[in-house]
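A.B. asks: All chains, please: the whole structure from these sequences, using the hints.
Chains as they are written, first to last, in numbering that gives the first Met the number 0: chain A, 0 to 285; chain B, 0 to 285.
FYI, nobody ran anything at the bench for these hints, they're computed from the structure. No residue lacks a Cβ here, since even glycine has one placed at the ideal position from N, Cα and C. Do not take every clue at face value.
[As the list claims (entries may be wrong)] Computed from the model, here is a short list of chain B residues facing chain A with C-beta under 10 Å: (1) Arg-49; (2) Val-52; (3) Ala-132; (4) Ala-161; (5) Val-192; (6) Gly-196; (7) Glu-197.
Protein chains: 2
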Amino acid sequence: MTTSSAHTVRLNARKNDITFTSGLAPTYLQANLICLPSRYAQDFRLLCQRNPVPCPLLAESKSAGSFTELKSWMANITDSAIACDLDLRTDIPRYMVYKDSILVKFQCKDINEDWTEDHVGFLIGCSYSFENALAIAGLPPRHTIMKRNVPMYRTNIPLCPAGVFTGGTFVVSMRPYTLDQIDDVRSVTRPYVGTHGEPIAWGWDAVRALGIKNIDSPEWGDAPLTVDGKPFGLKTEENVVPVFWGCGVTPQEAVMRANLQGVVMAHAPGHMLVMDVKEDEVLDPN
Amino acid sequence: MTTSSAHTVRLNARKNDITFTSGLAPTYLQANLICLPSRYAQDFRLLCQRNPVPCPLLAESKSAGSFTELKSWMANITDSAIACDLDLRTDIPRYMVYKDSILVKFQCKDINEDWTEDHVGFLIGCSYSFENALAIAGLPPRHTIMKRNVPMYRTNIPLCPAGVFTGGTFVVSMRPYTLDQIDDVRSVTRPYVGTHGEPIAWGWDAVRALGIKNIDSPEWGDAPLTVDGKPFGLKTEENVVPVFWGCGVTPQEAVMRANLQGVVMAHAPGHMLVMDVKEDEVLDPN
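C.D. replies: Structure (structure tokens):
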């Protein structure tokens, strides 16, 4: 068994020695987790296939009930390369548990008691990977420099529905850039097809087009600021515009809107599963 | 070499003995064609990957300039099974040719003179296949019963951009059904992942949500009618609502909006490439 820094993070999460995973095990992929009763698995898989930009499906339980063995949906990544010595029930620092679509456990340390033989776990890509690539390209996201969380917003852009999953909309993350940086920002993030890829919209007009009511009041994460610490929506920075990417909160929102019956489990926001897969192993092969 | 009824249609198209392909070689897949200068191929492939519902990529030229050999993007379909004895330049009854994004040839019989060593042909799924499945399930689309073309509309739902392809929006096709048929209509079309799959929206509210200004004035195809031959938008039929699917005109529209330089070729609407692949060979394997 290879012991990677990613494996160490998982072991520390299992011992509950860590909380937020941002910045841990650099260059390793981090993933969102959603665990569903098996009767919803096929529809959820289809939801991801139909909406690969906000819902990039990386892997899932090899069979219902499996929390150690995963099937890979990533080109060029074998099942056994995803995460050695894995336990989906413990290897994330904090979890959320929903029963009949109502939150019943907030940031609990494991899901040993809630997981059943009928559950299927899904891993969804996370934008931490392309943030590293942006930083390397000299385009570090502002929230990382200011040590804040990325702002995330609900939009009115509909997901393509799939079975029970109807009425969902894109959730987006936002990073500010100047107009002359946008071509480079698009190019740098474009190959990251497993982790949302290039932006879906940019510019102040996009705020209205996406149906975002107030750029200074994100639904998740921290409010965006100018470099001087003022509200971003005041538009005091010349040529600086918001740039929006598909966000891994999208499938969680879609699950919550579907009003599912039974027990659903997910990672707590910011507390991700760190995989043995390197960021540059899941770039678009084309 | 297998001689299928699909092969016969292609040979008849090559001899220019046929025009519209609707209803020809039943149970065989029909495809939309787009041929682009090779410098745009990677971005177009990514556009399809990011928007698989309106832009289901089935196959493409094995290499730039190849009009006989294709690479398959369909699970379970090998390259050689796509279409025997193929010539993309002649085996469609009618073509459209654009130069620097301006239409220069309308419904021409072949593209022998326009095709170059630098062109890449792409085949995109078409909803003819699931219409057959709907008819078999006792849910024949109204336009087929009335021997009209399916109505197609521009929407305001943005595509996820990819490289040069920005600013595109979904084009949708519409078939009317009663409210109590919608669950069955969704189930029947759901497995057709290579040909748009289940509807993206339904109901009269969806007309507004999609930004369709007048249901009686589709941008392509024939205006929808009630079974009594009245304008559909009068809503005189109890419980009958419009049901919308992603449409293969979407990638053509996206190409036109990208203002590409050089020669772009496509099939003329309604004049498709008939493949050797059967409709039930490209169902969702999950």
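A.B. asks: Hint by hint, say whether it matches the structure.
C.D. replies: Comparing the hints with the structure gives:
1. Arg-49: Since the shortest Cβ distance to chain A is 5 Å, the answer is holds.
2. Val-52: holds (5 Å)
3. Ala-132: violated (17 Å)
4. Ala-161: holds (7 Å)
5. Val-192: Nearest chain A Cβ about 7 Å off; hint holds.
6. Gly-196: holds (7 Å)
7. Glu-197: Hint holds; Glu-197(B) Cβ to chain A Cβ min 7 Å, cut 10 Å.
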